[in-house]
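Novice: Residue-level listing of the chains:
Protein chains: 8
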Amino acid sequence: MTPKQKQKYEDLGFAKLDTDREARTGTGEAVYCAGKTPEQLLRILRKFREKGCRVLGTKCSAEQAKFITDAGEQIRYDSISRVISLLGDAPAKQKRGRSAGKLKRAVNLGPVAVCCAGTADLPVAEEAAQTLEFYGVKVNRHFDVGIAGLHRLLSKIGDIRKSKIVIAVAGMEGALPGVIAGLVKSPVIAVPTSVGYGTSFDGISALLTMLNSCAEGVTVVNIDNGFGAAIAALRMLQIK
Amino acid sequence: MTPKQKQKYEDLGFAKLDTDREARTGTGEAVYCAGKTPEQLLRILRKFREKGCRVLGTKCSAEQAKFITDAGEQIRYDSISRVISLLGDAPAKQKRGRSAGKLKRAVNLGPVAVCCAGTADLPVAEEAAQTLEFYGVKVNRHFDVGIAGLHRLLSKIGDIRKSKIVIAVAGMEGALPGVIAGLVKSPVIAVPTSVGYGTSFDGISALLTMLNSCAEGVTVVNIDNGFGAAIAALRMLQIK
Amino acid sequence: MTPKQKQKYEDLGFAKLDTDREARTGTGEAVYCAGKTPEQLLRILRKFREKGCRVLGTKCSAEQAKFITDAGEQIRYDSISRVISLLGDAPAKQKRGRSAGKLKRAVNLGPVAVCCAGTADLPVAEEAAQTLEFYGVKVNRHFDVGIAGLHRLLSKIGDIRKSKIVIAVAGMEGALPGVIAGLVKSPVIAVPTSVGYGTSFDGISALLTMLNSCAEGVTVVNIDNGFGAAIAALRMLQIK
Amino acid sequence: MTPKQKQKYEDLGFAKLDTDREARTGTGEAVYCAGKTPEQLLRILRKFREKGCRVLGTKCSAEQAKFITDAGEQIRYDSISRVISLLGDAPAKQKRGRSAGKLKRAVNLGPVAVCCAGTADLPVAEEAAQTLEFYGVKVNRHFDVGIAGLHRLLSKIGDIRKSKIVIAVAGMEGALPGVIAGLVKSPVIAVPTSVGYGTSFDGISALLTMLNSCAEGVTVVNIDNGFGAAIAALRMLQIK
Amino acid sequence: MTPKQKQKYEDLGFAKLDTDREARTGTGEAVYCAGKTPEQLLRILRKFREKGCRVLGTKCSAEQAKFITDAGEQIRYDSISRVISLLGDAPAKQKRGRSAGKLKRAVNLGPVAVCCAGTADLPVAEEAAQTLEFYGVKVNRHFDVGIAGLHRLLSKIGDIRKSKIVIAVAGMEGALPGVIAGLVKSPVIAVPTSVGYGTSFDGISALLTMLNSCAEGVTVVNIDNGFGAAIAALRMLQIK
Amino acid sequence: MTPKQKQKYEDLGFAKLDTDREARTGTGEAVYCAGKTPEQLLRILRKFREKGCRVLGTKCSAEQAKFITDAGEQIRYDSISRVISLLGDAPAKQKRGRSAGKLKRAVNLGPVAVCCAGTADLPVAEEAAQTLEFYGVKVNRHFDVGIAGLHRLLSKIGDIRKSKIVIAVAGMEGALPGVIAGLVKSPVIAVPTSVGYGTSFDGISALLTMLNSCAEGVTVVNIDNGFGAAIAALRMLQIK
Amino acid sequence: MTPKQKQKYEDLGFAKLDTDREARTGTGEAVYCAGKTPEQLLRILRKFREKGCRVLGTKCSAEQAKFITDAGEQIRYDSISRVISLLGDAPAKQKRGRSAGKLKRAVNLGPVAVCCAGTADLPVAEEAAQTLEFYGVKVNRHFDVGIAGLHRLLSKIGDIRKSKIVIAVAGMEGALPGVIAGLVKSPVIAVPTSVGYGTSFDGISALLTMLNSCAEGVTVVNIDNGFGAAIAALRMLQIK
Amino acid sequence: MTPKQKQKYEDLGFAKLDTDREARTGTGEAVYCAGKTPEQLLRILRKFREKGCRVLGTKCSAEQAKFITDAGEQIRYDSISRVISLLGDAPAKQKRGRSAGKLKRAVNLGPVAVCCAGTADLPVAEEAAQTLEFYGVKVNRHFDVGIAGLHRLLSKIGDIRKSKIVIAVAGMEGALPGVIAGLVKSPVIAVPTSVGYGTSFDGISALLTMLNSCAEGVTVVNIDNGFGAAIAALRMLQIK
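Protein chains in written order, with the numbering used here: chain H, 1 to 240; chain P, 1001 to 1240; chain F, 2001 to 2240; chain L, 3001 to 3240; chain D, 4001 to 4240; chain W, 5001 to 5240; chain E, 6001 to 6240; chain U, 7001 to 7240.
Because the hints were derived from the structure by calculation, they are not lab data.
All figures in this text were calculated on a predicted structure; none of them were measured in a lab.
It is possible that part of the hints are untrue.
[What the hints assert, rightly or not] A few chain L residues that don't get close to chain F, going by computed Cβ distances all over 12 Å: (1) Leu3012; (2) Ala3034; (3) Gln3040; (4) Lys3047; (5) Thr3069; (6) Leu3109; (7) Gly3118; (8) Gly3149.
[Unchecked claim] Calculated pairs, BS3-like style, for lysine-lysine (alpha carbon to alpha carbon, straight line, at most 30 Å): (9) E/Lys6138 with H/Lys240; (10) L/Lys3138 with L/Lys3162; (11) W/Lys5240 with U/Lys7156; (12) U/Lys7059 with U/Lys7138; (13) E/Lys6047 with H/Lys240; (14) F/Lys2156 with E/Lys6047.
[Stated by the list, open to error] Here are some chain D residues pointing at chain P (derived, C-beta under 8 Å): (15) Lys4008; (16) Ala4015; (17) Lys4016; (18) Arg4021; (19) Gly4035; (20) Lys4036; (21) Pro4038; (22) Gly4203; (23) Leu4207; (24) Ile4223; (25) Asn4225.
Each residue gets a CB set at the ideal place from its N, CA and C atoms; glycine is no exception.
Here chain H stands alone, though its shape is the one from the complex (with noise of 0.2 Å):
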């Protein structure tokens, strides 16, 4: 760890934003909105635009959002997925900005395919959507494809076995990648959802099934976790 390496962040005293996360790790940090006050929210993702970084923000509630726009900024929000992203300036920046030392954004990656199982896991759908086409990644949507019509799946099947990865999003019984996983030859990406009752126990019963799926090729993240979904598979598109 050189000195050099030592300073590659951006301290705000309450957060130390890692301006060099995109140059070592592919990706930029991305800013998970729970659980900080509005105006934490807001100095972070002015700091990253100042820094030319163009960053995300997940699990934004609708109130930091409108803190934000009530401070003067335009922003990129989608109240169902609950991602942000301040517009305009950091692409521009971006272009400009950007030497050799750093990564050139994705362009032309994917197409990825993301599937849900039922309507009430489009939130976390569209979480993983949309932070592909963030980063440039073409995605193909497939939702309420669950398995109890399994013939809703098959009639779509071709279009994701033309799919370079899928994203598969189920909550309940968490059975869909499993399946899919059987029929493509393309990694299989699950995400379980908090989507149901009783004894889904808040997306458990679907994580489980989903680490113990049967069919090969499946890898799972956290529960409701469509960034991080997208975020491997950004990786796993660029692989070189």
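Please arrange chains P, F, L, D, W, E and U on chain H, whose structure you already have, making use of the hints.
Specialist: Here is chains P, F, L, D, W, E and U on its own, set in the frame of chain H:
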């Protein structure tokens, strides 16, 4: 899976309605209302009606129900059981439009005994009872017959024995289904409820009791899943 | 509870044999062999035979079975499913001794499809199948039809649809019953098994999957409880 | 805590024997044998005898019991309940050595009804029964009266009602104590056992059932803790 | 179960009031208010009064209490313990109406010591204390005597020892009942509370501590179940 | 326990204030505010002040703080960490009133490094830091040094190594304390936080990580218990 | 599902071999050996070979391996990782018999870095490594690089960064994958192991850590599932 | 991380020995023996000795110890605590070979009080005590001082108060550390053990009790982790 089969659903983008389900499984798709926006719910219910399918919604909040009424629909909604259905046209369409390939509505099925241990279990018991009645099954209700005062149950056991199936609903200790199963010949479908506090763990205690029942003939559904118990009973009644 | 009813059991001190159970519930008492000494087990089986009751033992260890054989009894014992019964006399007695007040043995019931997801689930599937056959029910076996290779299940779905009831047995992810329930009209009794490792948690993962099944018509029994599924199926077949 | 009180134990280094316990709490210290080496156990039992204290060992393995016998001691040991005590001298010493300040041995206490649901619960029920008898309490045993055949329990309920306390032992679903508590006036001490498989979770299911009992008057002890139930009963009998 | 016994309840449809319970078990039915509508609760309380039964309600919300007052009833309601009872007439009826076959109200029972570890445990402790007082039992309260400052408990131990029974209430670590049980001769009823945060897991930590108490003579009730502890104590006091 | 010791607390009925604690354990009693009514809290704080004890309140809600201010008290209250203390008089009294038998306030203790993994962990980290400062310990704060950008931590490791103790606070994966412990010689007190979602299970994931740390020298406190970590650190600093 | 597809498996009765899987999903079926009798395992392996499919067995016990050797087969078996495969003929058949419609064996894929935290994690790491090598992928092993001595990992990070994918295996606290993911650009597949004791809970602690990783790009497989990680990596390498 | 630092370990392939750890963290690496083959263990111990590092092995089975003895090594091995170390040469090397840059062996540290609640907790208590003694710390043992007989603890509290740190070991209810922490000024390190049955859940009950301790100054380590408690104590003693 033939091309014909593959098209047997309606695609709303955020939802793919399984209009073929009744022909395939004997009961139409039901709409799990929780986690859907009121707009999504309304569009789904209307589309099913448009296709001539009767459909039931479960776990429907008062807000969702009000939104649908405000949109001009006439509904049957029970605020205790949170079961919803659109009024009027579907049964009419059903009488006219059902061709040979579609399933005839169950007539004169039952009776099914729906028992619950305590008054607080009533919402789940009613979800089961009203689902059955929606599908034309006669229901005998026996509420508050929990085992703390066994004579209440025993005084009704004659009636219960005359039912073809027993749906036994209980929270807290969840012992009711096992006690009934030791006294009758019919299948007993056990429904744990999230009623209780402390170590009831929102229904886990009752669920475990039911899964471990020493008495034979008990099968179990998810916590608070009165709907699921009713549909399972309907399938049992339709065994040919 | 009349005095007459009160005497309808045999008291061995360490056990009170419910010789009245078949008249009351439609199926005789079964003996859960685990946790009993071989001597206790032998005395129980002999006493049931003496009273003219056919009785099945479950989870019977090889040691227990050997002890009973060594004591001079002829048994039917399957080391895979660990189901045991005494040979010969009971059915004979049954034919002769059964008066009007007793239940006639089920004849020509079924068929019931017993499906399992993997080869390792076979012991539990066989416990279900042999229990059904013990009670005179025809069984169609479909083993190793798990969802990782969906075409195996789909190639058998025609046969499965002809069964009056489906018992679906699965460990690991436990998705089989839900997939089947979306394709058939009959009741599906789901049996989770303790097959798997890591997060299968000795069957909890499969159990949760089954309880959260999006497909309708699924009810669930305890982990590894093939016997319980069979008895529940028997009650369903006897609905009058 | 006066200096005098502080010395009221025997220090063996690896163990400090609470020879004052009976005077303080009404029952002497018991030895939890599991996790002790045979040598430690032997030294503890001998030291208690030397001090004129009667002492009971619980969860004593056959190996431990044999070691003690081989060392020349005469013991009372039951391989089912795994309760052990040294024979002979202690009661003798007790009669002579007990001065006014010490507790008189309970005489003619009880009766306590010890009930269990199934034959496999017998070891725990016997641990309770033999502990009570060790302390001079009369015990009425009612074994295998589980709720799957309710008439077995009801036929004995008259006897059970005559007992001053009921200890109700059950594994699996654990419903027995709650059913009894609804039928009697005496306190019911519920003992869950680790009998069962799958979702019995080594007694957790039965424990939860008992803690959630709708019937009043039930208190609960640890899984398989027949000894603890007996001592609690003894304290109840000694209320003055 | 004779026909006469079978009729010993009042049927309100949504509830079957066990008016026979006091005669059968020594204490009348109590109403678990949570999960009942105010209307249901009111009808239940009035019906019990009409039948001359004194009845206690537990876990009664302020809203429920207000509804009942607004309906013209005079109540005794404690917002801390959430215990409710109707005023006035029941005791009067009780004096007149009780014939030989009914239970005489307990007189001069106790004292019972009700101890709690911290101030936050007070609601549960008061639920126990007020239930006991409702049934005529004298109560000695010892609050905030947790083990972090052992001298507070030890300074009261003389008073506690004079009580016939100890109810020990504690959240967080839940060690109080075990410490007390090692110092007294009376039965100790342990009540875990949901007080705490993090790994207190809403009372599970305290519950497990109590179930595993090394000290003898402890029995346990459900988390936050002060009522249950009181009724169990009442049964113990009535041992004849 | 001498009579003198027994009186070393103030009895408010609902609370027994352990005014002797500082002399006995080196730190005064702290008030866990959650679950207390504002009135109780006010009376407790005032009584401690009256007795010349400085006292800290934790988990104090804004409502409670406002009530105390409205009652005319001057307080030090931090809405992030929810730590409260009364201003002014106590330290003054402390200087005057402390006799030889009482503990001298810690002076020039520390420094202690308080590190946290993310911005959302700040409330817990501040609870620790402010508690330490309340007792006169110097604190070095290092916030947002989680392992996703290891260079942030490594750039501060020199400062951290100079601290006598490290308090490491983290939610989600909770790996920070283990990484630090492998790099420093001082004791590391790990504080899991409830920050995260899905499988963070309100801090259980972080707690388990910390308990299983491969690095040596880590001890752990309850989830979100910044206060407890601070007091433990204080005891370590006072080892003589 | 065409008739042709339906026949693409071999039916042994107790098993249906998915001989079509490689064509469909890119990797052939693997045999989960646990829970199969040696006879079943042998028949399955031979049948796959007969059909020209290379097949890998996982979790194969030494007893199973010996049975197969004793039956005259030549095997490749590693007692640490418990991976088994039949020697010789399959690769030969593969070269000759594979027509255009079948998948070509992966050649020169990788490298994949397989890292593990401690020596005890080696069996799982080897299961991953040997599975990859079986499918022709180059593997770089980096064992015992856990975070307690971070310099071990950092000294290897240059090599790890050159790998296309990282499989990171860890038990106990399971922090290794997250630390690596913060330092590299490639996808990180995390494999929790059951190594540890106490609160490692047979791998649950490590699993949760990995699912909650703050670092991006981590996906997770079942506890001890080195095989699953390898197959997922293989799919990632084959993205086209 | 400089190149020099990077080389500060010995690479055996299956293990990378952290020979720099003592210089970095104050205590040398310890070997967790479980899960290692005897051959691996022997090579690791020899390599450490070769490099002049004293090293301790924990959780070493009798089989492993015998293998090492059979290989010609002289060992110090305690079959109760399962702690192992090689005899002889290391201390010698240590005296000679340690230059200024290396840590001097702790001399005259302590005393540390190691207390345990019951005899069955002795193995864990001894693991702590022997680890401390290995590092030159004086230990005061107080065994079997559990709270069921509080006078045993109180009679020793004077000695315990003179210790600089208390390690309190307990299974079952785990209340000992909290009681001690309320009586002393020194830090209390709590070690839960897996001693107990039923709801002790292999130490979870004791762990939760300790994490929820109302008394201040308690920190906790993993279940059965006597070694970890000792190392944490050593770090505390070395605070400068």
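Novice: Could you tell me which of the numbered hints above are not met by this structure, giving the numbers in increasing order?
Specialist: The structure conflicts with hints 7, 8, 13 and 21, although it agrees with all the remaining ones.
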